[in-house]
Amino acid sequence: MAAGLIAPVGGNGWLGNAAALACAVTSIVCAALGLLRWGAVLERASTLLGALVGAAAPPILLDAPGPFGTAAPGIWLFLAGWVLILWRALSTLSRLPQRGAGALAAPGVFGIALLYLWQVLVVGFAVPQVLLPTPTQVGHVLATRLDILWPDFQQTFLKAVLSGYAIGCIAGFWVAVVADRVPFLGRGLLPLSGLVSAVPIVGIAPILVMWFGFDWQSKAAVVVVVTFFPMLVNTLAGLAAADAMQRDLMHSYAASYIQTLMKLRLPAALPFVFNALKINSTLALIAAIVAEFFGSPILGLGFRISAEVARLNVDVVWAVIAIAALAGSMFYGTIAVVERACTFWHPSYRA
Amino acid sequence: MKKLTLIGAAMLALSAGLASAQDKLTLQLKWVTQAQFAGYYVAKDKGFYKEAGLDVTIKAGGPDINPAQVIAGGGADVIVDWMPSALATREKGVPMVNIAQVFKRSGMELTCRKDSGVKTPQDFKGRTLGVWFYGNEYPFLSWMDKLGYKTSGEGNSVKVLKQGFNVDPLLQKQADCISTMTYNEYWQLIESGMKPDQLLVFKYEDQGVATLEDGLYAMEKSISDPKMADKLARFLKASLKGWDYAIKHQEEAVKIVLDNDASGAQTKGHQTTQMLEIAKLVEGGKLGYLEPAAYERTVKTLLTGKSDPVITKKPEGAWTHKLWEAAQK
Chain R
1 MAAGLIAPVG GNGWLGNAAA LACAVTSIVC AALGLLRWGA VLERASTLLG
51 ALVGAAAPPI LLDAPGPFGT AAPGIWLFLA GWVLILWRAL STLSRLPQRG
101 AGALAAPGVF GIALLYLWQV LVVGFAVPQV LLPTPTQVGH VLATRLDILW
151 PDFQQTFLKA VLSGYAIGCI AGFWVAVVAD RVPFLGRGLL PLSGLVSAVP
201 IVGIAPILVM WFGFDWQSKA AVVVVVTFFP MLVNTLAGLA AADAMQRDLM
251 HSYAASYIQT LMKLRLPAAL PFVFNALKIN STLALIAAIV AEFFGSPILG
301 LGFRISAEVA RLNVDVVWAV IAIAALAGSM FYGTIAVVER ACTFWHPSYR
351 A
Chain D
1 MKKLTLIGAA MLALSAGLAS AQDKLTLQLK WVTQAQFAGY YVAKDKGFYK
51 EAGLDVTIKA GGPDINPAQV IAGGGADVIV DWMPSALATR EKGVPMVNIA
101 QVFKRSGMEL TCRKDSGVKT PQDFKGRTLG VWFYGNEYPF LSWMDKLGYK
151 TSGEGNSVKV LKQGFNVDPL LQKQADCIST MTYNEYWQLI ESGMKPDQLL
201 VFKYEDQGVA TLEDGLYAME KSISDPKMAD KLARFLKASL KGWDYAIKHQ
251 EEAVKIVLDN DASGAQTKGH QTTQMLEIAK LVEGGKLGYL EPAAYERTVK
301 TLLTGKSDPV ITKKPEGAWT HKLWEAAQK
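Keeping their order, the protein sequence lines are chains R and D. Quick note, the first sequence lines up with residues 1 to 351 if you use this note's numbering. Quick note, the second sequence lines up with residues 1 to 329 if you use this note's numbering.
Once the Cα atoms are required to be at most 25 Å apart in a straight line, the calculated DSS-like pairs of lysine-lysine come out as: (1) 255(D) with 268(D); (2) 159(D) with 159(R); (3) 146(D) with 119(D); (4) 159(R) with 150(D); (5) 146(D) with 92(D); (6) 159(R) with 173(D); (7) 329(D) with 241(D).
Derived list of chain D stretches under chain R, where covered just means 3 residues or more per stretch with a C-beta under 8 Å from a C-beta of chain R: (8) 60 to 71; (9) 88 to 94; (10) 128 to 142; (11) 159 to 168.
Hints listed in this document are in silico derivations from the structure and should not be mistaken for laboratory results. A virtual CB, placed ideally from N, CA and C, is assigned to each residue, including glycine.
In isolation and in its complexed conformation, chain D is listed as follows:
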């Protein structure tokens, strides 16, 4: 009798454990594990996701991983992506929707060697400029179009290189200017021995061609499904809590990011600088709120392409505040 009671109790406990199983969710990041995604790692490690009843798998990105493709193929429920790439993919027929805009400001810039002779964007003619592709080329192509430079085909006025994910082309003088992020590649240049007075930086924000960067995107059918929408709202609430914590406790956030870095490639110094720069892009205004004016600015930049516009028509229903508002409760 005792044995039976014991077994019965054990089974009850097991089933209770199973019943309170957390909701699973997969997040696909835009790049490798680094302070750029500190908010999500902090939310995971500090238990914010667990509190919200979520079991979140964070998939790191990398070269050859396009988050928009991952969500189109069903490999993730929510992704971190840049708006130009998301809007272009939406136009291709993949119905992804912005549910939060984490980065308020753009960190993209073009860094040139002062000794190449480039002083202003008008000097770009005939120069070799580098940009990553895989979805990051859209802001660059918009800017070149705005300046009136042809980037490909007959009679191109600037030579464009598909740069790899390192800063060697600038160090080896294979390119006059390369694309860098304020929080990553620029510091790689400094760390490899270049001095700030040897470099000339053109920030996309200053040039008036900035587009919105890191935001959270989900598929339309996830948002219209009540169960999934609820999961995403809880995820958003916990993630924004994580971001808030990361900005206020940067040293701890850096430690959490380094702990989660499976490759071991990141260093404390680089990540500390990165966390500082990322905080500058995130803070201000309502955390995670997509300002419609900023969205319109990005759409306008992408539409005004003379020869090769990134998108050909104004997107409809590309963003929603529904989940952000649910996350505020």
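So that you can see chain R by itself, here it is in the shape it has in the complex:
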């Protein structure tokens, strides 16, 4: 950890920039204090403070005109040292009790640090905006272009993804139940659905656009095709999950097929069903966005990506990517929360 206190070397006018110098020195002092064993809280606080204050120094330096990149090794050396201080701060944070806000502290700080490094490196090495925009540019787009991004989100996520997801999952579920009941159907349907699911999205999307038109209905159809098979396979596996002893017990109670299904086999299949629902949540979004590349009204996340990348507005593309990633993770997270509520009895939660 002592190596983390690399002194700044050379650089582009350290002494000419008082604020930056002050930040740098303070951060080194704080980090040094963090090394002394004064108790967990003080150690944590001073290392974090060191990291925070140290983070302020490079942007102040980069604000000045003049070429950076390889011409200013001092900044990069300082940044390397700062990364080590950050590492220390993160390890102290991860020792917090993993509940509530404490659990989010280390990942949160790590995420923010990554964004910070992205910003500093792109600005420092003068990476052209058409190759990689900075997080501030992406954030600016998110803040100012909501007038086009919100309708895009509605078109893709709220209309195409949600309806396609619902239809695909329900269809997959019921076909699995039927296939379980009528074995010869199961033997026939499984390879057939496997075949359908193996068709790439770029193949079926134009065909479905021709059948269902340009609007969100064809994208929903693509989502249905993509989500059907994982749901089918997982539900079938889930229905086979109730073991022989349990089924024998129901038989000894003179339970009918429907009773056995509703009281034993479906609840036992729930973990598998939720597994499929979680897989499908991210697949559905990807499928809808890709399908929009093949014909859409001038609305939608996929359309926005393809149109703006052709116009070299790469910051808008990144903003759309950020929205899609956020939507996908929140969708997944919602299903995970529902799963927790429904399958709390499963060993994976009881551990």
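Starting from the structure of chain R, add chain D where the hints point.
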């Protein structure tokens, strides 16, 4: 002694061969291999590039390939692109410059089904119109702006579809009108069974919203580098020679294009019609010369956008005659 002489002679020959190696140049086309780019394929196959000491690699374009992006990323030395897309990209900070204007006239048009009820551009309100994007939407958006139609956002007066690179939306009545080129998609409609009297065509030239199309563009730093500028001038000379030959020997040009079509998707009949239509767009005036008046007309069309102008300020240094003049020598 004899062996040594032989080896020595062989090495000399080899080095001489290496010394006379041709200058390499990469051309990125705007679309797939078709008669639209006949001049370049003819120049390659008839040896005009070789005569000029150039080894030219012609990269075909296609869906998802934006030539302006290719040259910005360093994937080509010279590209074929349309002026609106080039000027918009220039405004984004990519310093590309027009070195020749091959197509004098615009081939873009909006083709409508007569049975949709559209008779004049004033009937477009509330209709579904299709246009390709990837840089081809600028002339269309300018025209809609000129007519006073909003194409997106709240209260849009025309519904715009991002059409794929086929004519199905019109055949399947998913759109009232679609964008077509005089030399390509219009004939695809005819070939798929539609009759000319079922279609109503609005040519951008007739509507006064035409913008300059296929031209050759290179980066500013290529033009200011003397070695590269010389290569480009030789390339231009050979390419214009190729175009001249292609227009005068259309059947042979079609054969050369078909020979170079790696996908095998093009047919002789379609390419023959295309070559005929392309010749109409190229000929007249000085071959490859960018008329400043035509350039100004295009810039004016692009600037007069009420809500969403394609470019926001007049471009500076977006074209040069330097290489064209060098090619005339």
